[in-house]
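In terms of the UniProt record's numbering, the sequence shown opens at residue 1 and continues consecutively.
Everything labelled a hint here was simulated from the structure, so no lab data went into it.
Among the hints, erroneous ones may be present.
[Stated by the list, open to error] Simulated crosslink set (DSS-like; lysine-lysine; CA at most 25 angstroms straight-line):
#1 291 to 341
#2 221 to 315
#3 243 to 221
#4 176 to 243
#5 281 to 255
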Amino acid sequence: MGGSKASFTSEVGNSLPRCGCNETMKLFVSKSIENPGRKFWKCRNYMNGCGLFLWDDLVSEFAVKETNPSGCRQCEVNKAYLIEFAKEIVEEIDCRVGKLNKLEKLKKKIAMEKRKNLWLMFGNWFVTKAVVTVPAYFNDSQRTATKDAGRIAGLEVLRIINEPTAASLAYGFERKNNETILVFDLGGGTFDVSVLEVGDGVFEVLSTSGDTHLGGDDFDKRVVDWLAGDFKRDEGIDLLKDKQALQRLTETAEKAKMELSSLSQTNISLPFITATADGPKHIETTLTRAKFEELCSDLLDRLRTPVENSLRDAKLSIKDIDEVILVGGSTRIPAVQELVKKLIGKDPNVTVNPDEVVALGAAVQVGLAFLTVQ
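Produce the entire structure from the sequences given, and follow the hints as far as they go.
Right, dumping it as structure tokens:
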């Protein structure tokens, strides 16, 4: 099992040698996607090698996926290191799938790593203070826990603000008076709708609603199921039972979804997706925007109810809404934007990057409250 002795550095600064045997072990810390009977974890960017682990957003679950059929010694060394590191995060670990018994501990550890990354990003400037955003529906204990996580990470949390408020700040609505704003936030795994009233620089959240089990991952899964269904019909093989094939399907589905935001159709190519006694099998097909919208029609319908509930709870009608702003990468889907336009009766404001709008709003809050922003 010879190979290069080159090393790579994980995000926590520890260097592990790459053995070159092409075996892969990953500690995925990211949101999960459903897999029959199990959960399978994905990371958008990862390195192949004996071992590595990557931080993603704050999560409630993790998994260690290990493979070492060749018995490579370096793989075993790396595996032992990663498992020991994982044990520092949780009290109990299952090397196939484990649930975090101490989520707050993980949050704090992630926060510390992100602070170190910020130090590197900003050229040896240590980040010591922060404005932190949270969902509008967070209660006092959740907000306190978030603030505590920042404190333990060495950050002075200057203020906790609601995400829809931050989004509104990014659009400069604090300069307006008597405006009613609907914030439509469709992320990777959750969907939130908030109605805010702005007056004299004060933001008041009138209502919130949403679906904690609806997001971009669900749209990806519809494409995955469509690809896997067609393949099973043609080849008699269920790719959903093959974790590596499922991972490739999911990454390809997300890429296709993103391309369909600007194209009317996209080509999907997955060579060597699996193999049989007859040889390797491939997927070559085309997905149109119309077909994608058909596959996701019920998901689009589910977006309606939280909007209607939020307006009802705020005791407002669509005529009372002055502005609609979009938050979250999934709002780039044309069918989503068209749905919002039909529901509210006006074009949503899309002048700010929906992936960055909340972070930009938090930065504006820092400037307004603690610096001088014009």
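The hints, checked one at a time:
Straight-line distance between C-alpha atoms of residue 291 and residue 341 comes to about 21 angstroms, which keeps the hinted pair within the 25 angstroms bound. In summary, the hint linking residue 221 to residue 315 is not supported, as the alpha carbons are separated by about 35 angstroms, beyond the 25 angstroms threshold. Proposed proximity of residue 243 and residue 221 is supported: the alpha carbons are some 14 angstroms apart, at most 25 angstroms. Between residue 176 and residue 243 the CA atoms are separated by roughly 51 angstroms; this puts the pair beyond 25 angstroms, and the hint is violated.
Our distance criterion of 25 angstroms between C-alpha atoms is met by residue 281 and residue 255, whose separation comes to about 21 angstroms.
The earlier numbered hints that this structure contradicts are 2, 4.
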